[in-house]
Amino acid sequence: MAKLSKKTVTVKGAPTALLCNESNRDPLVFVHGGHPGSTPYCSGSHIWGPALDLFSATHGIVAVELPGHGGTLAPSALSVDFYAEWMEECLAASQVRSCFIVGHDFGGLIALGLASRIPSVVKGISLVSSVAAAPTGDGAENLTLAYPPVPLWTRNSQHWAFEQLSYSHEHITDELLDACVSAAHQPPHLKVAAAVREGSFQNEFIPSLMKAKARFYELCRGTGIPVPVQVIWGSHDRLGSLDQALWLYRLIASRQTAAHFHLINRVGSFPFREDPQSFHQIVDSFCQAVFPHSSPA
Amino acid sequence: MPARERELLEIDAMGDHRKALPDGEWLDVNGTRTRYYDRGSGEPIVFIYGGNFGMGDSASSAYTWCLNFGPLSKDFRVVAFDKVGQGFTDNPPGDDYTMRAVVRHAREFIRALKLQPVHLVGHSRGGYAAIRVALEDHDIVKSVTVVNSGTLSPGVGTNEVILSRPPFPRGSRECVRWVYENYSFSPKVVTEEWVDAVMETLALPKYQESVRKMDGEKLATKLFLPELAREKRETLQWLAEGRLQRPVQVIWGFNDRTAVIERGIELFQLVAAQERRAQLHVINQSGHFPFREHPERFNRLLAGFIATHA
Numbered sequence: 001m002a003k004l005s006k007k008t009v010t011v012k013g014a015p016t017a018l019l020c021n022e023s024n025r026d027p028l029v030f031v032h033g034g035h036p037g038s039t040p041y042c043s044g045s046h047i048w049g050p051a052l053d054l055f056s057a058t059h060g061i062v063a064v065e066l067p068g069h070g071g072t073l074a075p076s077a078l079s080v081d082f083y084a085e086w087m088e089e090c091l092a093a094s095q096v097r098s099c100f101i102v103g104h105d106f107g108g109l110i111a112l113g114l115a116s117r118i119p120s121v122v123k124g125i126s127l128v129s130s131v132a133a134a135p136t137g138d139g140a141e142n143l144t145l146a147y148p149p150v151p152l153w154t155r156n157s158q159h160w161a162f163e164q165l166s167y168s169h170e171h172i173t174d175e176l177l178d179a180c181v182s183a184a185h186q187p188p189h190l191k192v193a194a195a196v197r198e199g200s201f202q203n204e205f206i207p208s209l210m211k212a213k214a215r216f217y218e219l220c221r222g223t224g225i226p227v228p229v230q231v232i233w234g235s236h237d238r239l240g241s242l243d244q245a246l247w248l249y250r251l252i253a254s255r256q257t258a259a260h261f262h263l264i265n266r267v268g269s270f271p272f273r274e275d276p277q278s279f280h281q282i283v284d285s286f287c288q289a290v291f292p293h294s295s296p297a
Numbered sequence: 001m002p003a004r005e006r007e008l009l010e011i012d013a014m015g016d017h018r019k020a021l022p023d024g025e026w027l028d029v030n031g032t033r034t035r036y037y038d039r040g041s042g043e044p045i046v047f048i049y050g051g052n053f054g055m056g057d058s059a060s061s062a063y064t065w066c067l068n069f070g071p072l073s074k075d076f077r078v079v080a081f082d083k084v085g086q087g088f089t090d091n092p093p094g095d096d097y098t099m100r101a102v103v104r105h106a107r108e109f110i111r112a113l114k115l116q117p118v119h120l121v122g123h124s125r126g127g128y129a130a131i132r133v134a135l136e137d138h139d140i141v142k143s144v145t146v147v148n149s150g151t152l153s154p155g156v157g158t159n160e161v162i163l164s165r166p167p168f169p170r171g172s173r174e175c176v177r178w179v180y181e182n183y184s185f186s187p188k189v190v191t192e193e194w195v196d197a198v199m200e201t202l203a204l205p206k207y208q209e210s211v212r213k214m215d216g217e218k219l220a221t222k223l224f225l226p227e228l229a230r231e232k233r234e235t236l237q238w239l240a241e242g243r244l245q246r247p248v249q250v251i252w253g254f255n256d257r258t259a260v261i262e263r264g265i266e267l268f269q270l271v272a273a274q275e276r277r278a279q280l281h282v283i284n285q286s287g288h289f290p291f292r293e294h295p296e297r298f299n300r301l302l303a304g305f306i307a308t309h310a
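Taken in sequence, the protein lines are chains A and B. According to the working numbering, the first sequence is numbered sequentially starting from 1. According to the working numbering, the second sequence is numbered sequentially starting from 1.
Just chain A, with the same shape it has in the complex (with noise of 0.2 Å):
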């Protein structure tokens, strides 16, 4: 198995830490979900846990942590746009000039806009657990995320977290919550953390977030979405349904050809952590089938 390491690039003048892999194979690019100072879980490169190995014993792979999340800066108010740029820097501050990328809730919709700037390096996307990119119509208030213990970040709150995201508790290992706890204290989350309190979120990254969305939707109805699509979700999702799931496939499949909608049993909104194998096996055949180049023959 290439063993994991952490490699440290310049992105808008700040250095940032990749999670990646040796190999010379066009790699899997990780992007992983979650708003700082506002999800109530700490999101970062180590949300992916064992499911990484997995993928680093077949692919070449890169996980980012995006601004605001582990060690990497981010300015305090944050934009969907904003992410996107960073993404394309970033990539190309790695040298990566072709890559599937994977990404999870937010990081989907990220996935997405970087689909349309730069089709030529995202060669096919996996959308997972993707509800910051499914339409919501005037859905009713959905309550999962509603009284987390206070105070936020804290091991038991965190904890908490992944209990209400979650299908089964044992992925909820110690390895993810000192991870998590670790990266609550970093000063980039800290610092947003801070901003949000002031409004950010609401008055920056929402509307940001419905632009983004709002734009996703057009490119849909128009020429559609430029490279191969697999949506994957869980069956027992807290924050997206299945309705939605299928909504936002139907999106895709209108005009991309190679879209494929996948349902993993038993699990909530972290598929990866909850049923790694599956996860792999699901992104895996994508891929090999999209994205020959990533994967030995």
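Bear in mind the hints are in silico, worked out from the structure with no lab data behind them. Computed from a predicted structure; not experimentally measured. Yeah, the Cβ is synthetic: ideal placement off N, Cα and C, and Gly gets one too. Any given hint could be a false lead.
Stated by the list, open to error - Label pairs and their computed distance ranges (CB to CB): (1) A:Thr8 - B:Ala307: 33 to 39 Å; (2) B:Phe168 - A:Ala140: 47 to 53 Å; (3) A:Pro135 - B:Leu204: 50 to 56 Å; (4) A:Pro135 - B:Glu200: 44 to 50 Å; (5) A:Gln277 - B:Gly242: 20 to 26 Å.
As the list claims (entries may be wrong) - Here are a few chain B residues that sit away from chain A, every Cβ distance over 10 Å (derived from the structure): (6) Arg35; (7) Ser58; (8) Glu192; (9) Val195.
Chain B: place on chain A using the hints.
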């Protein structure tokens, strides 16, 4: 080049697909002369195609799997056989034109080949047969893949709505083409060779005999359909009770008008309530035959699932 055109070219580039199947072999299955194809080594995959005997305007045979047989036989032992009364296999003894006879023959065929427990892949009515084989004979089955099976899914299938009264003479080439084009997302996938394979089966005297039985003697409505309905009720009950106890993946062509996507979702939910190792995969721009419309992606899905559950 758009992916769709590339894929169609790839199918064409494979040339004469009947050659993708190895030479057929014969096996006596409790008195029923059975045609089958067998190639490769490793985990055994047994394909069960759809349809039933005695249909006058379409006819499946092992040829149906010709785009999957070759690629998968590189890593697996791949077996496809003609079901009782279909393709080149004998008609059911004692005029037992029932799904029960089809399932019994499939079980006996797999046992006669003396394979280790197999990964069953069943399409349409073959999906029903595959699940039923697993429910009745767990020892010979390791996993089941069900593809676009309105026969198995609870809820309303729309075959009769989409395919009734073809606008061409029954059993004619044009009629066969019309049926498969209406099954498919892209009419381009219905190649001359596919139509040839169907016409070859339709012309067999023993097949015409089955048409006479099912249609002329009305065994379809007197025997086959009522028996299937009774047995389907029992099958759905067994699935709901958790009797299957084998990993299952449901693969569905998104644009199938005869077994619409909702049928696939219902089927997945029925199985997944009792079986953790259940997956649903939906393939876009595909009608009833995703393994023929997108063979490469279908083959990868199948290979990945089987490797996981080897």
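Okay, the hints, checked on the actual structure:
1. Checked against the given bound of 33 to 39 Å, the beta carbons of threonine 8 of chain A and alanine 307 of chain B, roughly 36 Å apart, stay inside it.
2. Hint check: phenylalanine 168 of chain B to alanine 140 of chain A, Cβ distance near 51 Å, so the stated range 47 to 53 Å holds.
3. Checked against the given bound of 50 to 56 Å, the beta carbons of proline 135 of chain A and leucine 204 of chain B, roughly 52 Å apart, stay inside it.
4. Distance hint for proline 135 of chain A and glutamate 200 of chain B: a CB-CB separation of about 48 Å, consistent with the stated range 44 to 50 Å.
5. Distance hint check: the CB atoms of glutamine 277 of chain A and glycine 242 of chain B are about 22 Å apart, consistent with the given range 20 to 26 Å.
6. Every C-beta of chain A lies more than 10 Å from that of arginine 35 of chain B, the closest at about 31 Å, which supports listing it as non-interface.
7. A cut-off of 10 Å between C-beta atoms confirms that serine 58 of chain B is not in contact with chain A; the least separation is 26 Å.
8. With a closest Cβ-Cβ approach of about 24 Å to chain A, glutamate 192 of chain B is found to remain outside the 10 Å limit, as its non-interface label requires.
9. Every CB of chain A is more than 10 Å from the CB of valine 195 of chain B (nearest about 24 Å), matching its label as outside the interface.
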